[in-house]
Structure formats: C-alpha cells, structure tokens
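Asker: Spelled out, the chains give:
Number of protein chains: 4
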Amino acid sequence: MPECTKDYLVVAQNASGRNLNVPVYRFVGEKPGPKVYIQSSIHGAEVQGNVVIYHLIEALKHAELKGEIILVPNCNPVGSNIKSGEYTLGRFDPVNGQNWNRGYFFDESLIRNFAETVNIEQPLPELKKQFRQSIKDAIDNRLAEPWGIGLAQRLNLKLQRFAFDADIVLDLHNGPVSTRHIYVPEYARESAKYFNIANVILIPNLFAGALDEATFCQWWKLQEELNQIAPEKQWDFNVEAFTMEMGSQEVIDFNAGHYDAQSVLSYLNHKGCFDNASYQPDDIERVAVYLKDYKIMYSQQGGIVEYLAKPGEKVQQGQIMAKVLNIDELDNAKAVEDIKAPCDLIPILHFPSASILGGTQLYKCFTHYFEL
Amino acid sequence: MPECTKDYLVVAQNASGRNLNVPVYRFVGEKPGPKVYIQSSIHGAEVQGNVVIYHLIEALKHAELKGEIILVPNCNPVGSNIKSGEYTLGRFDPVNGQNWNRGYFFDESLIRNFAETVNIEQPLPELKKQFRQSIKDAIDNRLAEPWGIGLAQRLNLKLQRFAFDADIVLDLHNGPVSTRHIYVPEYARESAKYFNIANVILIPNLFAGALDEATFCQWWKLQEELNQIAPEKQWDFNVEAFTMEMGSQEVIDFNAGHYDAQSVLSYLNHKGCFDNASYQPDDIERVAVYLKDYKIMYSQQGGIVEYLAKPGEKVQQGQIMAKVLNIDELDNAKAVEDIKAPCDLIPILHFPSASILGGTQLYKCFTHYFEL
Amino acid sequence: MPECTKDYLVVAQNASGRNLNVPVYRFVGEKPGPKVYIQSSIHGAEVQGNVVIYHLIEALKHAELKGEIILVPNCNPVGSNIKSGEYTLGRFDPVNGQNWNRGYFFDESLIRNFAETVNIEQPLPELKKQFRQSIKDAIDNRLAEPWGIGLAQRLNLKLQRFAFDADIVLDLHNGPVSTRHIYVPEYARESAKYFNIANVILIPNLFAGALDEATFCQWWKLQEELNQIAPEKQWDFNVEAFTMEMGSQEVIDFNAGHYDAQSVLSYLNHKGCFDNASYQPDDIERVAVYLKDYKIMYSQQGGIVEYLAKPGEKVQQGQIMAKVLNIDELDNAKAVEDIKAPCDLIPILHFPSASILGGTQLYKCFTHYFEL
Amino acid sequence: MPECTKDYLVVAQNASGRNLNVPVYRFVGEKPGPKVYIQSSIHGAEVQGNVVIYHLIEALKHAELKGEIILVPNCNPVGSNIKSGEYTLGRFDPVNGQNWNRGYFFDESLIRNFAETVNIEQPLPELKKQFRQSIKDAIDNRLAEPWGIGLAQRLNLKLQRFAFDADIVLDLHNGPVSTRHIYVPEYARESAKYFNIANVILIPNLFAGALDEATFCQWWKLQEELNQIAPEKQWDFNVEAFTMEMGSQEVIDFNAGHYDAQSVLSYLNHKGCFDNASYQPDDIERVAVYLKDYKIMYSQQGGIVEYLAKPGEKVQQGQIMAKVLNIDELDNAKAVEDIKAPCDLIPILHFPSASILGGTQLYKCFTHYFEL
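Chains as they are written, first to last, in my numbering: chain A, 1 to 372; chain B, 1 to 372; chain C, 1 to 372; chain D, 1 to 372.
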C-alpha cells in the first residue's frame, strides 16, 4: 500500500506579511505508471473538490497504485478566505478583478521553437521530459522576473509547475447553481466515458487561460507542430487534462463527494493507474456539446428571478425557464415576465442569486447537444 | 372592490446624485377597519417578501376590504443593489456595516412624558391619534436634524412614518438558509395561530432596533405607563407587529409566495380586515420559544462545512448537525470533525456558505421549545 | 454661442428593475468642424473627469464652436454606485470581476472585409461614413444578440456607438495615487504636445479592450489595410483617441479640473474646433515612453508600505522607493525592508493602500523615457 | 536595558482551518512600575499605529523601564487581510457588519456585585488584583461559552484579557482622512497634556463598546460604587485608557510615526514608566470638546464632493466646507452646491471618498471647543 506524504507549498504572502501555503498530498506507487495531478478550489467558493480529494485519499491508502498522484486541495489560500457578506468572494482577486484561473503560462512561440530544435529521433519519454523542462524553465523565469509578478499569476505558476510534470491533470471546480459537467479536450472525448458525469463540453485547442488548457494546449500544440515536421511519426503524448465541475459552489456534500471520487478513480483505472482495481464507470447517458454550442443566456432586464428550469433537465424551445418579478408593476399585467427557452437546450447552471441586473449570466446551456 | 393606487417615496440619493425611491401600493376599503402596513426586503437579499406582496395585491384586488392596507415591496433601494460577487450584499450598509433594520426611532422618555401629560379621559381612538402624532413629530424632527442624519436611519425613519400610522405592521424578511418562522410580541401570542408558520419566537418588550419592535414596543411601553397611572382602565391599543421570515434569502418561489400570502390573509381576516372572506389558518403544529431560548450556535473552528441538520427538523441532543473538513489532515483521523447538538433543538436556519471562520453563526436553534 | 442640449441614455437596468441612464450633453456649432466625444468615470471611482467636463461645458457656452461636442460625464451608473467600505468599487463588475473598460467592440476581420469591398475611389468623407456605419451596424447586431449580452459589454457598446461617430475621442480616467498622464497612439504623438500633461505613453496598434483603442485601432487598421490595397493614396483618416489620466481616483479638485479643461481646450483648438479661440498649450517639459517601457513593479512581499517615491518625480536607480514594515520582526534588523528602483525611472502612480499582499502592483513607472 | 520577548497569541481560525495569530512584544523592567498595554490596527485599514509601535520598540530597547509594557501590533489578522478593490475592508466583519472594536466585555451588575462583596479594608493593590481577576474570570467564561462566541467578540476578549491587567491602555487607531486626535476619559483630562496631540475629546463614563471604555469604564464604575459604600476612602485606581487616532487610514509614515512615539513616551514618562528619561510633551495648543459636542455632519445629498475644509483647521460659521457636483445639472446654476459650516468648528476628519450617497458622514467636527 502506498504511503501518503504531506508537504506545504508557499504560494503567496498576505498583508500581515505571513506566508500562505497549500497542502500537497503525494502518493507514489511501487510500479511505474502515469503521473497525476489533482487540485481543487482555485476558485475559493468552489469547495466540493476538497471533499472529492478527501475521498480519493481514503481510497488511495488502500490501492495498488502505479505511478504517482499529487493532490492539492484548497489550492488558493487567498480566494478561500475573502468574505463579503456571508459568501466567499472566491472567483477573482478582489483587488483587481483578475480571475484566479486565468494566469497560467502558455506561449505558442516557445512551443514552436522547441519543436523546431528538438531532436525528434530520441525516445518519446525523453522528448517529453525535455519539453516539460523547457516549459518549467519558462515558468521559473516568469516567477523570477525582476519587476515581480502579479498575485494570481504567481499562484497559478506555482501550481502549474507541479501540474506540468503530470500526464493527467484534473482541476476540480463548481458552477454557481449547477449540475455536474466536465470540460474535455476534443481529442480526449473517449476518456469522457470513464467519468460518471452526464454533461460533457468538448473544447478545441484554444488557450483561454485555465489550467486544463494550460496543460493540454501545450501538448496538443506540440503535437501539431511535430506532425508538420514529421507527420509519419503520428505523435501522441497521451497527456490529458480536464476541468471537472462538481455541482454547486458554496456547498459540500460528503456522499456526493464519495460518488465523485469513484468517478475519478474509474477514469484513473482506465488510464492504468492501478493494479487489481475494479473501478468502472456507471452506465449512464452522457450528452455532449462543442464549446461553441455551450451558450450563455443573459438577462435583458433587471429584477427578481425564480429559476424554473433546473440544471440538468432537458428543456424544450419555448418552455418557461425563469420568471422575473417587476416591483413597479405589481398591480397590473406586467408584474411577472416570462423568460423562455430560445431553442431546445439543457441548462447546466444558473446564477445563484434571485436579484439580477440586466446583462446577468442567467443560465449556461447546452444547445445542439448529442449523445456521447 | 378596492382600487390599488401607487405612489413613490424618495428614501435616499445615490452617488450619481439621483433620487432612489420605493413603490407604495395602497388599498382603501369602503368600510372602516384596521390600518395595515406591510414592507419587504429591508435587507436587500431577502426577496421572497416581494412575491408575497405580489400575491397579496392579486388577492386584495378582489377582496371586500375594511380599513386600509399599504404595501411597500423592495423597500431598500440601496441594499437591493449592492452586489459583491454574485450575491447581494443586502444586510448592512457597505460603507459602515450598519444593519439596515436597526435605525428606527424609539425613545422611552418621550413615551413616559406623553403618558404623564396626555388627557386619559378622552376616547381611546383620540388618544391613539395623539400618540401617533407625537411619535411622528419626533421622527420628523430627527429627519430635519440640521447636521443631517445617516443613510440607514433616514431610510428607516421614512418607512417608520408610514408604519406608525398602522394598527398592524408586517415586516417580511428571510433567513440565510432557513425554514419559515415569525417573531411575535409575547402579548400577541394568540395571533401567531392565524399564520401558517410553524415556528414562533416570542419576544419581550425590549427595543433592539427592528421595525416590529419599533412599532409594538412603543405601544406596549405606553400601555405599561398608563397602567401605572390608571390601572383601572385596562389599557389595550390593539396594535400588533411581526417580523416574518419567509424562508431563505437569495431565492424567490412564486408557489410558496402564494401560500405565504394566504397565511397573511388568514391573519388579516382574523383581525377584521375583510368582509365575507374565507381565509382561515391551516391546521398545523406550531412550536414556540421565548427569545432567550433561541440560541446561536457559533463554530469553534474554521473550515469547510456540510450542514446535515436541516432547518425545521427536530434534532436530538448528541445528533450530528454538521461535519467540518480539515484540509491539513485529509490523510488521517482528524480529517472530519463532527459538530453535535448540545441539547434537543430545532435548527431554524444555518449559515449559507460552506466556508466558515471560527466564530461563525453556524445555526440558530429553538431550544426548550413548546407547542403553541 | 452654441446651446447646450441635454439628453439621457439608458445603459443598464438594476436589480430593482429600474433603468439606469447617463446624461449626454451636446453642443453643436454653427460652422462645420470635427466631431468630438468625451466621457468620464467609466471606472466609477475615477471622478475627476466629471469636474473637467463641468469646466468644459462652462467654457463651451461661450465658445465659437465648429463641429459638435458630446460630453458624457459619470458614464457608468453601476460602477459609480458600488461601495464596499467607504470607497467606490468602480473598476470592475463586482459580480464577475470584468473591467468596465474592456468590453468595447473590435473585429479585425470585419475591417479587412470592409477594406476589400469598399469603393476606394469615392471621396474620403463618404468612405469614412460608410466605415462608421458598418461598425455601428456590427455593434447594433451585438446589442440585439438573441441570447443577450453581458452588462459591461452592453454599457461599453452603448457608449461606443456615440464615440465611433466622432473624430476625436477623449476618455477621462484617474490612476490610483497618480500624477497626470495620457495614452497616445504612436501615430498621433505630435498631438500630445497640445495637452498640458507631462507624462505621455505611446501605444501601438494593438487592441486590448479600452475605448481609446476601440476607436483608433479600427481606423489605424483600416488605414493599414487600405495602404496595402492602394498605397498611392496615403490614407489618413484624422481620427484620434486618447485616454487621459487626470490624477488620483477618489478625489475631485475644482481648480485642477479647470486647468485640465484648459488642456483639453488647447488640444481641441489645435484640431480646429473653435473660431477665435486663444487656448494654447503651456510650455512644459513632456516625457514619453513606449508602452513596453511602462513597467509595473509588483511587490515581492506582503506587509505595510510607505510610498516614498512620489508620482511624477524622477527617481535614480537604487533609490529607495518604498519601505515595508514587517510586523513579526519589529524587534530586530528585519523590521523594515527597503524597495529600491531597479533602474532610472519616473513613478507615475502607486497603489492607494498601505496594506499589500505579495504580487501587488506597487508602482507603475516610466523607464527608458525620453523628452517628447 | 530590558530585553524584548516575543510571543504569538492565536485569536481566530480562517476558512482554510488555519490559526490566525498576532505577535505580542513584551518588555519587563527591572524595577516595579505601571503595567502598560498598547495595541494597534484593530481596524484593519488603520495601520499607522504599527509604525508607532515599531518606534516605541526601538526606544524601549534603550530605556530604563520600570514596570512592564506589552505591545500588540496588527492585532486583527482577519480585518487586516480583507481587500475589496484596492482598499482594506478593515472596519467591520465583512460577514455581518460587526465593528471590530465593539465586542469587548462590560457588565455593570458584575461590578456592582464585586463592590458590594469585596473586602474594602484590604490594601488597594490587593483589591485591584481581585477586581482584575473577577473580570478576567468573566471573560474566560464568555470565551468558554458552550454554544460558542462570535468572531469579533472572541478577538476582542482575547485582547481584553491582556489589556485588563494593565494600568495604562493605549488603542492606536486612524480616522478616514484625519488629523491626529485622542479620546480621553473626563477624569484623566490632565493626562491629555502629556501627549503631543492637538485635539482632545473628553468622554464620559458610558460604555459604547470600544477597548478604552471597556477598560476605564470598569474602574470608573467601581470607583463610583465604592465611593457610595465608603466615600471617606476617596477611591482612585489610577488606571487610564485612551484611543489615539494617529492621522489617516490606509497610510503609513515613518517620520510621523517617530513623532507619535515620542508623544506616547512623554505620557509614559509622566506616568512613571522610566528612570532617567527626558521625554517631555511639546508646547503646543490643545483644544478639547466634550463628546456631545463632537458632531457628525451628514450629507443631505448624493454626488461627488471636494473637501475644502482640511482636518485640523479652524473654520468659521458659514464658511464653505465642501462642494458637491451635480452630474445632471452641469449646464446650469445648480451644477455646484456649497456645504457650509453650521457654526464655528474644527473639522477633525472627513470621508475618504469623493463619491457619497445622501446620509454619508461627511465630516466629524469639534464644536464649542475650548483650550485645554
């Protein structure tokens, strides 16, 4: 049985001048296997991933692990600790609005340069090792920038240094009020079937700043570059990264977390992380969309809203999704306004407050979805 | 059928220099009867009362009203419009932390002075009218204070001027994550049976700043003073005021609001506000506590919490109410800490976020509760 | 003398369901001339521009205006009214962290397409008119998007519709604690000499989301495209746009605003907006940097800071810019840490709070600056 | 020379489950003398006191101390680390609005009971020791409350336990934009002359929640009680406590802090804390008011403000103190509104933001002031 070692990584310093660190749990198997990196709560109010990691650690203590698994719960000690009212203001740096999940490193020109200069005849593991080193060196350069570096970016880069050593990266998030869903790079769509997650978003090779992209886009881009240089080699680095949305923010649920952990273990088992493990995916319906069909529904008006369409339910075009109360018209027919589905869709998440301004992200919806 | 008239009351001015107003809906019956004042959302995130008022207006349009009903939904235009993250920061003035529901007027010495100087031989309605005028004059003096007056207090006083004309005052609130409950002055405990609200808090004649107290404490105090002066008269002003907590903040529910409105109509019917109305309370179990037995359970530790005890459920001493995850101990027996009920209780509400610091109001609970 | 007309533009709706509008002041000259658009306070705490607009209106009432000037003070009614503590949380949408000055429209492919299809033989004013129409049509399409549009973007687009009709666009901002400075597109550097602003940042043709860029990048890009198609024509659209930083946020100063207005009038006079006006720039030293040399100095540590280097002062390499107090080491030699200038520089602005986390934008500095 | 020892006091636990502590610096003299307790930054944005403590420690290292001095800088690790925008949200708990300086312990009935039961014939030092113990026992009971205790109160009580052992308590604060001033209990007005602080507020024996009151009101009340029981003894406990307001929040200034420290040392020297020390107060004009004459000027209107009257300056009745810009009237005579002094006064502090709502604390002013 593997032992769990625990370490602490300093990622920031607060206004009291105190170091802020995150715990790093590590399991190393006796046999070789994939390297796995799992973090949770980069957005401070999205806490269910910590429960998933708790259940994963419970399971890993009794697993025949191959390779190595690093787990970093509550990985954002700043965002986890900003309250404003009763809720956690965890999505962005309260000083400047910077999303905590958008400061990872990605530089296309560096990848292109690497592809053009690397010895492509060497064994693949060796080439991967060199690529990892070159990215980590670039990250280290950023961290050592003499003019300094912003808080969110520093936090992100310190975590990414770990993550970029891994073959499998899972970034555990939550939506506002949300059903479970997962972001999957298009090339890894088959892997989506090993998670017990009904809603799958297939994302292209476009870096928008998040950790999953900061992982897979680098390898995908490298693959594209090398396929131009040496197409006969059919490059495949077998690195996968996912953002998993484990339900709603501001809520933890130990039972659901146990199920979520089983889902992760099923995928890891499929990827060869265990000997003699029986983790298998459940036989559930999975629907998928391409990212372009994952649509945000913005409110036209401000007011007070009841969300009738529940996350995960199939909704028909024209069905009432929400009702908006109009405070100034309570005595007449304009008191309540219906918001209807513009097409067939599945709402995946909705805004967590009943009070909205015009231009609020009311729902995010699967449209043109299909069975996976 | 009474007509609904609509007016607007300016209560504040924002940083753009624009007036902020609230709608005032008014129904006047053809026959005499009680004056009723109902407001909602003095705490900006507590929005369900607006739905209740919507349903009340629907019903009042077809009622044979006696007396007069004034309804002021969304009565705090500042608190309703402060977002911090996705939630509404509606409980206190974000500038100075002042609770929006604690700036009402109450001055014992003024009441004592009134009691000592009023002609107690005049008819009761006339005496009530004089008392109302004296309080409203005092409020007007405050509003006209040459050095000015604070934002929350100005808002409160402008609303209280309306409310103090009423015989019945209902202030519609919500708890964080909450079951329905109602604050009832001890002398009006019989009235609690006309609301369809299972949980009743009986409060003494102690002014702590809220609108219900700012209403009934004045009359209660006056009664106490006059009973000392002329005990033979058995003074009773028949003024009642309640704070009703209509479930959880940040949520509206039209169906529940319809039921809540029936509950209010049942009470108003009992108080003689209607002719030929059939509104009756439901036959439900009602439990009550004295305010001193309505206990706050504070967290000893910080961490991430699952709330197992649900608002409204009866809980036995020793039962696990919540579990706290300890991020630094996920690999050992201290990973999860149980929080147990210190006595038999009914949790009425709990904190709405899974992330807590030590010293957070985890639950508020009925202890030593009894059937009403 | 031109008359000032006043109108109101609805830009948003708040959670009370009320429209939020901004005042639009307009002066139309009797003779033709440039169209000018000036807005202030898109970031809600940056209020000095409103005073500048006040003084401009005072002056314009007595000017022989040519062309047209539109002035939109306090153009962000949401951001101007969010308090969190005593300060205005005006830089980003408190719901999602989106910078209020980053949602303007810019689409290179649309410009390219326009250049390829427009009749380049028609008169320049006609071509400009067509280009304006095509951009405004695109903006209108965005605003009419059936799934809706985000709050910040809607606000930005509604303002940009006005601004894109103008030949001259001034967006009035403030820094945190800041000396006056101005962002100038590289092609318009000569114009910088007509403002009384000592510190000039020259910016390239790269759209990063702000209104100045959303104006001039479009024309600059069009010029580049047309110069490829028909280089012999030496395209020049004579459209200029600037972001002016009028000192520190959270402060207004009527006297300084009068001087700032003179500075704007001097530039407008140079651009032919007046007959018989004597507005001239002051004879001051102006220093400039390229945007790449406008450096952010991030703090390495958290703590409490005294800012010794004052905005606008020339600082030598190695000079102490700030001192950080270390609360845990007050009894020893590590109590105070010096932060030194890494090269010769001019601090333009610094962070407005003494309390910083590691990774805070401590200063923004001109390096490699030169006389303009 | 006394040695400085350093310890850490845990006062809270954050949402990551980590203990939050404050440093406690302690100097013990070789000879007996007063016990002194000095804390700073209970309001997180009021940071100058930390610099004062730094300079005090520097001085104490070379002093011939009598008695004992405890210094607790940055005593609120929660409030020091909440940012909302660039500023520190340090005045109240962001969860519930509770002022961080209002949760100290004070219970009149306990004091009365002590006075009635204590042996008044024993030596005064012994009686003081018993009183201290009884208050500290009551504080410990509160801290051990089985239902727990709120965050702010826990923090306050943990600090008060230290402070109540002292004969001299200094609580270092800042105003918003403020000149230096000091709160002095009426009975200790002579002591005010030993501080180099020009503006003195004399406060009565009324507990309103702050640390200075939580210290001196207890002793003052005890003295009153004992003077009723045994007036012949002329009770005097020689305990003094002050809230010192060291200029403006969000700013530190090492030079000013050195001067502030000299001011404190002068007072301590007067109280017999040193042998052979030459610290003396400066010969400055000191003006004082009774608390009832320290008036808040609230804004009548919302808008954007220039503060013309500077903190500390004498202002005549009718003088313009501030100008408010009216965004909707920039083209006419109502564009600027003057706010005038209602009487002769000295503004002590003003609101730190140019953007105000109606009902904002614009200024706090000395009226009916007199020379001390």
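Just so you know, the hints here were simulated from the structure itself, not pulled from any lab data.
Don't be surprised by glycine CBs; every beta carbon is placed ideally from N, CA and C.
There could be a bad hint or two in this list.
[Unchecked claim] Footprint (simulated), chain C over chain A, 3 or more residues, beta carbon under 8 angstroms:
(1) 91 to 103
(2) 169 to 179
(3) 223 to 234
(4) 240 to 249
(5) 288 to 298
Asker: Would you mind marking each hint as holding or not holding in the structure?
Answerer: Here is how each hint holds up against the structure:
no. : hint       : in the structure
1   : 91 to 103  : holds (count 8)
2   : 169 to 179 : violated (count 0)
3   : 223 to 234 : violated (count 0)
4   : 240 to 249 : violated (count 0)
5   : 288 to 298 : holds (count 4)
Violated hints, in rising order: 2, 3, 4; the structure is consistent with all others.
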